[in-house]
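Fit chain B to the supplied structure of chain A, relying on the hints for placement.
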Amino acid sequence: MNAQPRPAMAAEKKKPLGKGQIVLIVVMCLFVLICTLPFINVIAVSLSSKSAILRGAVSFWPVEFTTKAYDVIFSDKSMFRSLLFTIEITVIYTVLAMALTILMAFPLTMKRLHGRKFFMMFVVFTMYFSGGTIPIYLNIKELGLLDNMWSLILPGLVSTFNVIILRNFFSGLPYELNEAAYIDGANDFQVLLQIYLPLSFSSLATLSLFYAVGKWNSFSDALYYITSRDLQPLQLKLYNLIKGSQAVEVTVAEGNANDLSASVSESIESATIIFATLPILVVYPFVQRYFVAGVTMGAVKG
Amino acid sequence: MTAIGRKKRKKESWIRRDWRLYLMLAIPVAWYLIFCYKPMTGLVIAFQKYNIFKGIAGSQWVGLENFRFVFGMRDFGIALRNTLVLNFLDLLFGFPVPIILAIMLNEMRTPKIKRVTQTMLYLPHFLSWVIIGGMVLEIFAPTSGVINATLLRLGLIEQNIPFLTDGNAWRFTYVLVGVWQSMGWGTILYLAAITGLDMNLFEAARIDGANKMQQIWHVTLPGIRSTIVVLLIMNVGRMMSIGFDRPFIIGNTVVQDACDVISTFVYRAGIKNNQFARATAIGLFQSVVGLVLITAANFTSRLFDEQGIW
Numbered sequence: 000m001n002a003q004p005r006p007a008m009a010a011e012k013k014k015p016l017g018k019g020q021i022v023l024i025v026v027m028c029l030f031v032l033i034c035t036l037p038f039i040n041v042i043a044v045s046l047s048s049k050s051a052i053l054r055g056a057v058s059f060w061p062v063e064f065t066t067k068a069y070d071v072i073f074s075d076k077s078m079f080r081s082l083l084f085t086i087e088i089t090v091i092y093t094v095l096a097m098a099l100t101i102l103m104a105f106p107l108t109m110k111r112l113h114g115r116k117f118f119m120m121f122v123v124f125t126m127y128f129s130g131g132t133i134p135i136y137l138n139i140k141e142l143g144l145l146d147n148m149w150s151l152i153l154p155g156l157v158s159t160f161n162v163i164i165l166r167n168f169f170s171g172l173p174y175e176l177n178e179a180a181y182i183d184g185a186n187d188f189q190v191l192l193q194i195y196l197p198l199s200f201s202s203l204a205t206l207s208l209f210y211a212v213g214k215w216n217s218f219s220d221a222l223y224y225i226t227s228r229d230l231q232p233l234q235l236k237l238y239n240l241i242k243g244s245q246a247v248e249v250t251v252a253e254g255n256a257n258d259l260s261a262s263v264s265e266s267i268e269s270a271t272i273i274f275a276t277l278p279i280l281v282v283y284p285f286v287q288r289y290f291v292a293g294v295t296m297g298a299v300k301g
Numbered sequence: 000m001t002a003i004g005r006k007k008r009k010k011e012s013w014i015r016r017d018w019r020l021y022l023m024l025a026i027p028v029a030w031y032l033i034f035c036y037k038p039m040t041g042l043v044i045a046f047q048k049y050n051i052f053k054g055i056a057g058s059q060w061v062g063l064e065n066f067r068f069v070f071g072m073r074d075f076g077i078a079l080r081n082t083l084v085l086n087f088l089d090l091l092f093g094f095p096v097p098i099i100l101a102i103m104l105n106e107m108r109t110p111k112i113k114r115v116t117q118t119m120l121y122l123p124h125f126l127s128w129v130i131i132g133g134m135v136l137e138i139f140a141p142t143s144g145v146i147n148a149t150l151l152r153l154g155l156i157e158q159n160i161p162f163l164t165d166g167n168a169w170r171f172t173y174v175l176v177g178v179w180q181s182m183g184w185g186t187i188l189y190l191a192a193i194t195g196l197d198m199n200l201f202e203a204a205r206i207d208g209a210n211k212m213q214q215i216w217h218v219t220l221p222g223i224r225s226t227i228v229v230l231l232i233m234n235v236g237r238m239m240s241i242g243f244d245r246p247f248i249i250g251n252t253v254v255q256d257a258c259d260v261i262s263t264f265v266y267r268a269g270i271k272n273n274q275f276a277r278a279t280a281i282g283l284f285q286s287v288v289g290l291v292l293i294t295a296a297n298f299t300s301r302l303f304d305e306q307g308i309w
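Taken in order, these protein sequences are the chains called A and B.
Anchor point for the first sequence: position 14 equals 13 in numbering that gives the first Met the number 0, and the numbering is continuous, going up by one each time.
Anchor point for the second sequence: position 46 equals 45 in numbering that gives the first Met the number 0, and the numbering is continuous, going up by one each time.
One or more of the hints may lead you astray.
To be verified - No farther apart than 16 Å at their CA atoms in a straight line, the calculated lysine to aspartate or glutamate pairs in the EDC-like style are these:
no.: 1; chain 1: A; residue 1: LYS49; chain 2: A; residue 2: ASP70
no.: 2; chain 1: A; residue 1: LYS76; chain 2: A; residue 2: ASP229
no.: 3; chain 1: B; residue 1: LYS37; chain 2: A; residue 2: ASP229
no.: 4; chain 1: A; residue 1: LYS18; chain 2: B; residue 2: GLU106
no.: 5; chain 1: B; residue 1: LYS53; chain 2: A; residue 2: GLU141
no.: 6; chain 1: B; residue 1: LYS48; chain 2: B; residue 2: GLU64
no.: 7; chain 1: A; residue 1: LYS110; chain 2: A; residue 2: GLU175
no.: 8; chain 1: B; residue 1: LYS211; chain 2: B; residue 2: GLU106
no.: 9; chain 1: A; residue 1: LYS110; chain 2: A; residue 2: GLU87
no.: 10; chain 1: A; residue 1: LYS110; chain 2: B; residue 2: ASP17
no.: 11; chain 1: B; residue 1: LYS271; chain 2: A; residue 2: GLU63
no.: 12; chain 1: A; residue 1: LYS110; chain 2: A; residue 2: GLU178
In case anyone wonders, no lab produced these hints; they're calculated from the structure.
Looking at chain B on its own, in the form it has when it is part of the complex:
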């Protein structure tokens, strides 16, 4: 048989052999095309004077006009700043807590109490932001809220703390609630990393006379350093993206200048006010910067740990 004939035969045979696999793939691939890739082509309206009735084909191209307009908006500057500030505060206060909690959980020698503790700590992660937001609104409310009421009764404050109605106080509340929601769940990866450590190291440290604190400092922490570094870099890589639910639900119009972030700004401009092209321009800007950051983060973490996220 000639080489070409063999090649052709081979081609036919893998299709005949694997058509079932391709048939399986067809359904999810169709979904990806319609719901992921088609919207990506919709990004071109960022460069158009988009008219929803004319569609992409009929709308006029305007180059970077939308970007120029958006970057000149006062509200966009605020949303960008808030996105970065809130993400930074989240990282600063939210990042160390799960590490400390994981180490403490790992030191617990009472399995039953430990299990109950873990169950309770994970719980907030499973609640929707709407539910958490509702609780926040009640708990931090002036006078009727339990925190202000208790502080007033104890005489620690003379006036209500405006947890939800003052810019800086609101930022505090936002970060506090975020830490509350994610601290328990965040321990899981660290716990897994600690469990994977070589027990002989602890044994050796103990024989050398290291106490608990020294063991944690010299064995546990160095052991999970790569996990910490990778997660930290990944978090920095996500600086530009911010979820919608949390700032949108906890925020309110009184603290607009503190709580308006890119995701809520895009929602307001695009879906509420039908400024589709401009909102898309913001989204595209955010995606591109985010992509650059996450790629850089993934690359950096490879340097540290040989493994990126995938």
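Isolated chain A (complex conformation):
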């Protein structure tokens, strides 16, 4: 009798999937398909011929395979310039944003700081109220930053949300650590650089990623502030391309344009979408866990 439950348990381990689990997996697979099929379709379109796309023959596999669209993109120097420019502003933005976020969050952690409450209010208030699109635009204009690379970097530099996440994380570090450091004669700069920052590597990585992805994907700042072609980040360039072909599509839908012009851009548009998504897709699997950690960090009450 004593030995009876054991084989039963072992058998259960061997056959871990009940009917419910299988149904669940099937349902979740459907959701995964919903999330991925659009990409597969866009990839298929980017590799298909014009006529096949127009007939509506392309679904999830290239029809009449061709890499013409990619040839067009890769021979377009402005696309690469735009890519490099986007990388450049993303890097500068992320570095500066992290520096300012740390400089704001660290003093706010120190309970002995006079005016800490005031500075906290000063920061948090901006989450509830802002000047809004037009006053911010006019501010950039007054500062002479319109159509300047820095208009893409400076206006949204610090995210108050990230400041608070980092402050909460810093506050969670044991206070004895910096007390010991102060007794040893370390000053605030040293405490920050040699104790706090090394201990918060994963938080810093998470916030950097938040900033970097946010900048990589940002579109409206470039739309508002940038007019010259040389300063177009990838998103704006892609948008202009899509808008161009959409105008054609709408006229096609209204029945007063020839279909051919629409398809010229269909595959190129798809290829550009893939081109612009690729950097995200490449790094995404490796950094995903940091993002998830960041969201739950933000939910901790400060």
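Quick look at chain B alone, frame taken from chain A:
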């Protein structure tokens, strides 16, 4: 030492002690002043007949004239209505999906499959609206788009569905794409809440003979109720604000009356047509109503959960 002397000494000492901290603060505080607080002072042009060459100091004050003008505009009424309608539809269809997904993810007993599923579900959140918009345009296009093409081929429809060119169909597309983009990412907070539940509760329910469905209904859902309520209230609090990218990129001129929202209206009026004062008036109206809503929401959620967002 006299009391005053001690006080003075104390004051000197905290400055001497903490000047490094204030030095650190100086840089981000300067940024906040220039890029957050200075634009707030720029809001006064909502009450001016603002002339960009004369600046705020030289422009004429007109009281509520700009607000009166803007509230009388047909397009503003449409933008306001669309903002509320689209946000409401988003809430109605977008809010429950992450809860259901989170519960299903939590029930998965196959860690590897679960992890892959999560990775895939989170992915759309990391794409820009430009990229999503580009995909939407292709996938929902008439004839060449995969959805219309497939439905036509299967004989389920006889004519293309005008996903992007009919007002109501466009609203459907907008909401669908929003749910698609955010459903996976939205599960994270719920998953964290479920993980924090006391496992003994499930054990007890199981011993009492509760099946999976009953456990979900009587243990999981009540356990994450406060998370659900707080997030719901916060969403209601954000009813007046709407992102710019999504309606702007998915929208087009054919469905202007369905897709024009406050943010896109402000962009068009202000930056495109240089109606700075009027656009600022709209923005100020939106900010103030939004502030009232979010404060009320935060207050209400405190009643439910003891904790607001901060």
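Status of each hint after checking the structure:
For the hint pairing A/LYS49 with A/ASP70, the CA-to-CA distance comes to about 15 Å; that is within 16 Å, so the pair holds. Of the pairs offered as hints, the one joining A/LYS76 and A/ASP229 holds, with about 11 Å between alpha carbons and a cut-off of 16 Å not exceeded. A distance of roughly 29 Å separates the Cα atoms of B/LYS37 and A/ASP229; the hinted pair therefore is violated under the 16 Å criterion. Note on A/LYS18 and B/GLU106: the hinted pairing holds, with a Cα-Cα distance of about 13 Å set against a maximum of 16 Å.
Restraint check for B/LYS53 and A/GLU141: satisfied, since their Cα atoms lie roughly 12 Å apart, inside the 16 Å limit. With a C-alpha separation of about 9 Å, the suggested pair B/LYS48 and B/GLU64 falls inside the 16 Å cut-off, and the hint holds. As the CA atoms of A/LYS110 and A/GLU175 are separated by approximately 13 Å, the hinted pair is consistent with the 16 Å bound. With a C-alpha separation of about 9 Å, the suggested pairing of B/LYS211 with B/GLU106 holds against the 16 Å cut-off.
The hinted pair formed by A/LYS110 and A/GLU87 fails the criterion: a straight-line CA distance of about 38 Å is larger than 16 Å. The straight-line distance between the Cα atoms of A/LYS110 and B/ASP17 is roughly 11 Å, inside the 16 Å bound, and the hint therefore holds. A C-alpha spacing of about 43 Å is found between B/LYS271 and A/GLU63, which places the hinted pair above 16 Å, so the restraint is violated. Distance hint between A/LYS110 and A/GLU178 is fulfilled; the C-alpha atoms sit about 12 Å from each other, no more than 16 Å.
Violation of the numbered hints given earlier is confined to hints 3, 9, 11; the remaining hints are satisfied by the structure.
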